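Enquirer: Sequence:
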Amino acid sequence: MSRRRSMMSEATYFILAALLDGPLHGYAVIKRAQEQSGGRVNLAVGTLYGALERMTDDRLIEVDREEVVAGRPRRYFRVTETGREAVQEEAGRLAAAAAVVTGRTARTAPRRTARGTGPAAAGAGPVIA
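Per the working numbering, the very first residue in the sequence shown carries number 2; after that it's consecutive.
Heads up, a few of these hints could be off.
What the hints assert, rightly or not - Straight-line C-alpha distance at most 20 angstroms; calculated DMTMM-like pairs for lysine to aspartate or glutamate:
{"no.": "1", "residue 1": "Lys32", "residue 2": "Glu11"}
{"no.": "2", "residue 1": "Lys32", "residue 2": "Asp22"}
{"no.": "3", "residue 1": "Lys32", "residue 2": "Asp65"}
{"no.": "4", "residue 1": "Lys32", "residue 2": "Glu54"}
Unchecked claim - Restraint ranges, calculated between C-beta atoms of paired labels, are given here:
{"no.": "5", "residue 1": "Asp58", "residue 2": "Gly93", "range": "38 to 46 angstroms"}
{"no.": "6", "residue 1": "Met8", "residue 2": "Gly72", "range": "39 to 47 angstroms"}
{"no.": "7", "residue 1": "Thr103", "residue 2": "Gly72", "range": "25 to 33 angstroms"}
{"no.": "8", "residue 1": "Glu54", "residue 2": "Val102", "range": "19 to 27 angstroms"}
{"no.": "9", "residue 1": "Arg75", "residue 2": "Ala99", "range": "30 to 38 angstroms"}
{"no.": "10", "residue 1": "Arg79", "residue 2": "Glu36", "range": "42 to 50 angstroms"}
{"no.": "11", "residue 1": "Val70", "residue 2": "Ser7", "range": "17 to 25 angstroms"}
{"no.": "12", "residue 1": "Thr48", "residue 2": "Ala100", "range": "13 to 21 angstroms"}
In short, the hints are calculated from the structure, not lab data. It should be emphasised that the depicted structure is a prediction, and the values quoted were computed from it without experimental measurement. Glycine residues also receive a C-beta, built at the ideal position from the N, C-alpha and C atoms.
Can you make the complete structure from the sequences, with help from the hints?
Expert: This is how it looks when you write it as structure tokens:
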């Protein structure tokens, strides 16, 4: 049974989504989140690592491995089962919220009329051809 969670930030959502296909290092998370969000999520390095730390503390993600590349440590993160459940729950919440609007707009789209144009708008009455 899923426990009630608060709404997830867009950055957290796309970080978790980026990790669904497997472990990634920080820069790869930034690029994947940017791609998957259509460019809406542009994470600064400091913002990303703060989010990764918070998400690790919340057990949404965990360190998969570390390696040294060009003398610098590179840490890879993976989504946990708790993180996978959280992002799937959020995706369901977003889909349900979207359905409220998308289901309604198809049925109740306003009729477009040429108001303010033609002889009828000038008070000449209907035009009979």
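Enquirer: All hints, please: hold or fail.
Expert: Now the hints, each set against the structure:
Restraint check for Lys32 and Glu11: the C-alpha separation of about 15 angstroms stays at or below 20 angstroms, so the hint holds. Note on Lys32 and Asp22: the hinted pairing holds, with a Cα-Cα distance of about 14 angstroms set against a maximum of 20 angstroms. Between Lys32 and Asp65, the direct Cα distance comes to roughly 19 angstroms. Compliance with the 20 angstroms bound is thereby established for this hinted pair. Annotation: proposed proximity of Lys32 to Glu54 holds, straight-line Cα distance about 18 angstroms (limit 20 angstroms).
Remark: the range hint 38 to 46 angstroms for Asp58 to Gly93 is contradicted by a beta-carbon distance near 24 angstroms. Distance hint check for Met8 and Gly72: the Cβ-Cβ separation is about 41 angstroms, which falls inside the suggested range of 39 to 47 angstroms. Taking 25 to 33 angstroms as the suggested C-beta distance range, the pair Thr103 and Gly72 does not conform, at roughly 51 angstroms. Between Glu54 and Val102 the C-beta distance comes to about 35 angstroms, which lies outside the given range of 19 to 27 angstroms.
Taken as a hint, the range 30 to 38 angstroms holds for the pair Arg75 and Ala99, whose Cβ atoms sit roughly 37 angstroms apart. The hint said 42 to 50 angstroms for the Cβ distance between Arg79 and Glu36, and at roughly 19 angstroms that hint is violated. With their beta carbons about 36 angstroms apart, Val70 and Ser7 fall outside the hinted range of 17 to 25 angstroms. The given range of 13 to 21 angstroms is broken by Thr48 and Ala100, whose C-beta atoms sit roughly 31 angstroms from each other.
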